[in-house]
Every structure is written in structure tokens, then in C-alpha cells.
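Keeping the supplied structure of chain A fixed, place chain B upon it in accordance with the hints.
As you go down the protein sequences, you meet chains A and B in turn.
Residue numbers 1 to 477, in the working numbering, belong to the letters of the first sequence in order.
Residue numbers 1 to 222, in the working numbering, belong to the letters of the second sequence in order.
Keep in mind that the hints were calculated from the coordinates and are not lab data.
A quick note: this is a predicted structure, and the numbers were derived from the prediction, not measured.
It is possible that some hints are incorrect.
[Stated by the list, open to error] Sample of chain A residues facing chain B (criterion: CB under 8 Å; computed from the structure): (1) E15; (2) F17; (3) I20; (4) L36; (5) V38; (6) A53; (7) Q59; (8) Y99; (9) L112; (10) P298; (11) R357; (12) R361.
Just so you know, even glycine gets a beta-carbon here, dropped at the ideal spot from N, CA and C.
Here is what each chain is made of, one letter per residue.
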Amino acid sequence: MTQAEIKLCSLLLQEHFGEIVEKIGVHLIKTGSQPLRVIVHDTGTSLDQVKKALCVLIQHNLVIYQVHKRGVVEYEAQCSRVLRMLRFPRYIYTTKALYGDTGELIVEELLLNGKMTMSAVVKKVADRLTDTMEDGKTMDYAEVSNTFVQLADTRFVQRCPMVHAPENSDTGPPPPAPSLVVNEKDMYLVPKLSLIGKGKRRRSSDEDAADEPKAKKPKRTTDNKEPTPDDGIYWQTNLDRFHQHFRDQAIVNAVANRMDQTSSEIVRAMLRMSEVTTSSDAPFTQPLSSNEIFRSLPVGYNISKQVLDQYLTLLADDPLEFVGKSGDSGGGMYVINFHKALASLATATLESVIQERFGSRCARIFRLVLQKKHLEQKQVEDFAMIPAKEAKDMLYKMLSENFISLQEIPKTPDHAPSRTFYLYTVNVLSAARMLLHRCYKASTRKVSEGRSHHCICASYRCRGSTVARNRGDDHSP
Amino acid sequence: MAGNKGRGRAAYTFNIEAVGFGRGEKLPDVVLKPPPLFPDTDYKPVPLKTGESEDYMLALKQELRETMKRKPYFIEKSEEKPDIERYSKKYMQVYKEEWIPDWRRLPREMMPRKKCRKGPKLKNAKGTDKGSSLINTADILKKIEELEKRGEGEKSDEENEETEGSKEKNKDGDDDNDDDNAEQEDYDEEEQEEENDYINSYFEDGDDFGADSDDNMDEATY
Numbered sequence: 001m002t003q004a005e006i007k008l009c010s011l012l013l014q015e016h017f018g019e020i021v022e023k024i025g026v027h028l029i030k031t032g033s034q035p036l037r038v039i040v041h042d043t044g045t046s047l048d049q050v051k052k053a054l055c056v057l058i059q060h061n062l063v064i065y066q067v068h069k070r071g072v073v074e075y076e077a078q079c080s081r082v083l084r085m086l087r088f089p090r091y092i093y094t095t096k097a098l099y100g101d102t103g104e105l106i107v108e109e110l111l112l113n114g115k116m117t118m119s120a121v122v123k124k125v126a127d128r129l130t131d132t133m134e135d136g137k138t139m140d141y142a143e144v145s146n147t148f149v150q151l152a153d154t155r156f157v158q159r160c161p162m163v164h165a166p167e168n169s170d171t172g173p174p175p176p177a178p179s180l181v182v183n184e185k186d187m188y189l190v191p192k193l194s195l196i197g198k199g200k201r202r203r204s205s206d207e208d209a210a211d212e213p214k215a216k217k218p219k220r221t222t223d224n225k226e227p228t229p230d231d232g233i234y235w236q237t238n239l240d241r242f243h244q245h246f247r248d249q250a251i252v253n254a255v256a257n258r259m260d261q262t263s264s265e266i267v268r269a270m271l272r273m274s275e276v277t278t279s280s281d282a283p284f285t286q287p288l289s290s291n292e293i294f295r296s297l298p299v300g301y302n303i304s305k306q307v308l309d310q311y312l313t314l315l316a317d318d319p320l321e322f323v324g325k326s327g328d329s330g331g332g333m334y335v336i337n338f339h340k341a342l343a344s345l346a347t348a349t350l351e352s353v354i355q356e357r358f359g360s361r362c363a364r365i366f367r368l369v370l371q372k373k374h375l376e377q378k379q380v381e382d383f384a385m386i387p388a389k390e391a392k393d394m395l396y397k398m399l400s401e402n403f404i405s406l407q408e409i410p411k412t413p414d415h416a417p418s419r420t421f422y423l424y425t426v427n428v429l430s431a432a433r434m435l436l437h438r439c440y441k442a443s444t445r446k447v448s449e450g451r452s453h454h455c456i457c458a459s460y461r462c463r464g465s466t467v468a469r470n471r472g473d474d475h476s477p
Numbered sequence: 001m002a003g004n005k006g007r008g009r010a011a012y013t014f015n016i017e018a019v020g021f022g023r024g025e026k027l028p029d030v031v032l033k034p035p036p037l038f039p040d041t042d043y044k045p046v047p048l049k050t051g052e053s054e055d056y057m058l059a060l061k062q063e064l065r066e067t068m069k070r071k072p073y074f075i076e077k078s079e080e081k082p083d084i085e086r087y088s089k090k091y092m093q094v095y096k097e098e099w100i101p102d103w104r105r106l107p108r109e110m111m112p113r114k115k116c117r118k119g120p121k122l123k124n125a126k127g128t129d130k131g132s133s134l135i136n137t138a139d140i141l142k143k144i145e146e147l148e149k150r151g152e153g154e155k156s157d158e159e160n161e162e163t164e165g166s167k168e169k170n171k172d173g174d175d176d177n178d179d180d181n182a183e184q185e186d187y188d189e190e191e192q193e194e195e196n197d198y199i200n201s202y203f204e205d206g207d208d209f210g211a212d213s214d215d216n217m218d219e220a221t222y
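The shape of chain A in the complex, shown without the other chains:
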């Protein structure tokens, strides 16, 4: 983890959970997997505070534990998961757009509480919705449950790993930590609950208590001690699915910008068909035949089969290679190339960053080097048709900011500088990673300054570059 990322994690943890949790969390991120005693000793906090902090972090899926030999339990922090906290508003807004207010509140509750049982979520969301409704109206649990089931079916929420109950629990001492087992089949299986009830409106006296903190204890949420029927089955948000959704959105927007609305609708239909059949890090979707695509187009689009075929051919012939043709059966088999699409998006982001930072002539040089892969100083000046002095200046500026790198090709074995070729080249992967790192630094500065507007927009830029990062991570050796 880079220093900038660690600093950002520390600010996020402090903002959300307070200083004590921040101290423990940052210590774990910096030092890796550690047992409890070592954490207590190294951070200098008391044992029960460390325990509390670890409970909070484990609840929010930010720390995992593992049992090592001799019964020692070690705790490890997940730095990337901490950084996802920047994107919470975006996840919630996306759910609002897809599933309305109910879905939005379900995802918000799950994100703020880490993990919850379905009955707890439904109850809380119904109460919250009832508060916002007009007097006399209440929200039925059934409606909230339906939205929850929809979210589970489209995989936006998933079950947490279950506690594995060992068979021989009577013989021998119990293990120091429960082993959590991921059951792939049941991950999106909603338990059969008959949740009957309506949301309760908060009494007005409680509303006063919320506004001004008075010496009134709020209602205890754990009023009934009897276990709910789905006790032990916890749900969490499936962040990978959200990222997949963002990636699909980015691709559809890119196609709409490059071509037209109809082609973006076709691509959207193709993506929708391969949502559940393709894993999130696959390089391309399953091949889809033209007939299938025609059948699954949205009802409003009345384009004939021939027009669809023409569009598909156009998309497949595009040099950006978002869509590829993989066969001719069924009217033509088409795939969407995720890796190529993300690489193009990353490159486009880099180009636009260069243009905004250094000017359009610099951008011309950058695109040239990108296209030709390796160029000498003289060749750059000739191809770009920019005077030598200016071209030199621009190249050095980009070189100093690490957007462009130099490749040495020696002519003689002694690597003498006068007899070596120096070629300019662009390494898209490392440039994208550098840009991402800069985004993290920028959002660190903005978060610490407390300017929330910039923080959100900095996280947009992070998002754009993590598209590049996703592509980069797939290709890293």
C-alpha cells in the first residue's frame, strides 16, 4: 500500500469510526497480519479498547481473522476495502436509480452496519420509510422484502460466509475462532421468512430527543430476546457487482459518445444478457448470437433485424474493438471485449488529462507516441510538425511527470551514451497507476481539508482511473 493510500485510509477510518479504530486499523494496514497481543503492545492502547475496535472493524468487513498454528488468531486489514468507503454515496445513488427509495435505504443500512440479518434490515427500512410517509400511512414489510429479494436475485447483496459448526464439538476444546465457510450455491438464496408487519412511526417525543440530546434513553432495539427465524444468516453488499455495473455504464456511455444512441442500446442489451453468465474479471462475455440480441432488445426499439445486423457489423469493425465477432452461427456471434474496452477508456482518460494539464500540442505528441509505440526525439519533431525547441520542452515536461518514459537501446555492449538510442514510449499501465496514485493524494488533501464537494469529485477521478486499474490488474504478471 502506498503512503498516499494509507493516509487516505486513516482519514476515512477516523471520519467514520473515530480515533481509536483509526489507530488500530492503520497499524494493521501498515504491518500486515498480527495477533491480538502484538497489536496491544505496539499501539499502546488498552486491551479492551483494541477488542472493541477489532469487533467494529470485523463487523464492517474491513478486517479478517485467521487461525494459525498453536491456536494463535491473526488479524489482517483489507486496505482496498477501506478505500471503497469513498464510494458509498455512489453505491447508494445507483441503487436508488435502479430500485427506488426502498432499495436505496436497504443498501444504505447494509453499508452503514456492515452485516445484518434480513429481518433486521426489513424492519429498520420499513420504520424509516414510514417516517417519511404521510400521516396514517405505513410501509408494509412485504414490500420491503420484495425489494430485498430483487436485490439478492440481481446479486447486489449477498450472504456473508456462514459459521461452520464442527461435528465433534463435544470432544476437545472449542477452536479459538470460528471457521467461516463460503457456500457458493447459497450465496444469493433468500431464506423463507414470513415477515408480517408494518413500519412503526417514531413518536414525536423521540424525535425531540434526536434533535437535542437530552437525558432520555432511546428505545432499546433488542427488546425481544427470542431469536429470529433467520438468526445467523447475515447479508452484506456485493461491491464487485456494483463495480461491474459501473464498468457496464462506462462502456455504454463510451459507445453512445462514439456512435449513437441505438448502438449504445444494443450494447446495453448485450451486457444485460451476460450479467449473470460472465464472471466479473472475465476478458470477454459469452458469445451472443444476433438472433438472441434481437429478441432481448427493449420493447420500445423497433429496429429491423437487418438494421441490427448492420449496427453489429459497424460495432465489430470499429478500431476501438469494444465488440468483437467470434463466429457466424445464429446470424453472427458477438462478444464484448471488456479488457480492450477498459484499456481504451484508460488511454482516453490519460489523453484528456494531458490535454488539460499541458495543452493540445502536448496531447498531439502524446497520441503520436502512443500510436507509434517508440520514437526518437528527431522523429517526434518530424511527425508532430512542431518546432524542435518546443517539442523538446514538451517531451521533457511529460517525462518529468512520468507520463512518458525513455527506453534505452544500446548499440555497443558498453552502453556508452553517445552510442545509445533513446526512444520515447508510453507505458499505459504504469501511467494509469501513477494517475490513480495522484487521485488518491488529491482526495486525501480534500478529505483532510473537509471540503466535501471536492472529495466527491476527486473520488470520481479515482473511479475513472480504477477502471484503468482494473484492466491493469488483470494484465499484471
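Just chain B now, kept in the frame of chain A:
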């Protein structure tokens, strides 16, 4: 090395034209200080993206920040007790919902240890503190649960685990338990001693007790 320096002009080891400077051309001045902290930029940054969705997300972010502070997961730093407790402080405390984690999903060492005799004394002192301490409430709830369950005579799996867990705590099994138990036992002894006026094992009466004290008596006998 010294020999080359004495001969006329400086000669570069590489072809200067390859870098782009012509022969004899005036090279730019050597910079002797670090670059400025905030250099002037020719191109100002593009304005931030605004729109309905961005405004909504901004409002959401601010709301989330406030909500997180009121959740039980936000652990505040315990302040040092001021010298005089202010009356108004009692009414300014924000009562948060209590959160008890699901102990079945956590390692056993996460469970708060029962501090047996230290408990009653400290509870009175902690009453004026902020009421969101996890350990005491978890202890009370567990004890109540245990008493209830024991009274009814049924034992669920949880109960088995808990009693086994507490048995484990009392055994001299793990290294962790050893230290804690030793500490607890020592403390308990001290606690018991303090509560009594007469300290039992202060010193033992030896055989020669009566004889020795006659020699060292401060008070005179009349």
C-alpha cells in the same frame, strides 16, 4: 580523471545533438534551488462536474458523515475526567444505541473477560461516564441470560459454548488465559484483603512472637 579536466573546454561523453542542443548553443542556466511550491500553471483545471446526481451524492455524503458519528460503531476517545464534574455534563450526553456483536462469528479472545470482584466497585464510578461501554453491558446481559437459562434448566448450543468458554477461561490452558488468570487471582486476593479490616496473612505468628515483642515494646508496662 584529473588529466581530462585540464584540457581545454568540457567535453560531453554523449552526442549533445541527440538531446537536442546544437553545438556551441547557450545551455539553460543551472537551477540552484528547489522548484516553487505552487508553480504557475498555464492551463487552469477544468471545473468540477455538477449536476443533479452529483448534488444528491454530495448531500448524501454529508448526511452519512453525520449518521456515522451517532452510530454505536463510532468509538469516541475517552476523555480524562475533569477535576470537577459539571452538572450540565449529565444532560449533554448523547445516548447511543448499544451494539452487541454476534459472538459466534468472532474469535473467542474477543469476548470481554468477566472482571469478577472489580466489577461492583467500578460500576458506581462509571455511572457518570458515557454509558456506551461495551464490556459491562455485555457482562450484565450475559449474566442475566445465563441466570435465566439456568433457572429454566435448558441449555442451548450458545450456552454450551459460553459455559465451555468460561470453563476454558478458568483453566490453566492457553497462554493468554494463564496471564489473565494470574492477574485476576492476584488482584482478587488484594481485593479481599482490602475489604476486610483485619488483614489475615499479614504476618504469621511465630513461636517466638511473645518473647520477641517483650524486648522491643515501645509502651512501658506499669
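key: Hint validity - A53(A) Cβ closer than 8 Å to any chain B Cβ   = Given a least distance of 6 Å, the restraint on A53(A) holds.
query = Holds or violated: is there a CB of chain B closer than 8 Å to the CB of L112(A)?
reply = 7 Å, holds
ask   = Was the hint right that R357(A) lines chain B, CB cutoff 8 Å?
value = Hint on R357(A): holds, closest Cβ of chain B at ~6 Å, below 8 Å.
query = Under the criterion of a CB-CB separation shorter than 8 Å, is Y99(A) in contact with chain B as hinted?
reply = 15 Å, violated
query = With 8 Å as the cut and Cβ atoms as the points, is E15(A) at the interface with chain B?
reply = Nearest chain B Cβ about 6 Å off; hint holds.
request  = Under 8 Å, Cβ to Cβ, is where Q59(A) needs to be relative to chain B, so tell me if that hint holds or is violated.
outcome  = 6 Å, holds
query = Going by Cβ atoms only, is L36(A) closer than 8 Å to chain B?
reply = 6 Å, holds
key: Interface hint status, V38(A) versus chain B (Cβ within 8 Å)   = 12 Å, violated
Interface hint for I20(A), Cβ within 8 Å of any Cβ on chain B = 5 Å, holds
inquiry  = Can you verify the interface hint for P298(A): is its Cβ closer than 8 Å to any Cβ in chain B?
reply    = Cβ of P298(A) sits 22 Å from chain B, so the hint is violated.
Interface hint for F17(A), Cβ within 8 Å of any Cβ on chain B = 6 Å, holds
task = Go through the hint on R361(A) and say holds or violated, using the shortest Cβ distance to chain B against 8 Å.
result = 12 Å, violated
In summary, the structure is inconsistent with hints 5, 8, 10, 12 from the numbered list given earlier, while agreeing with the others.
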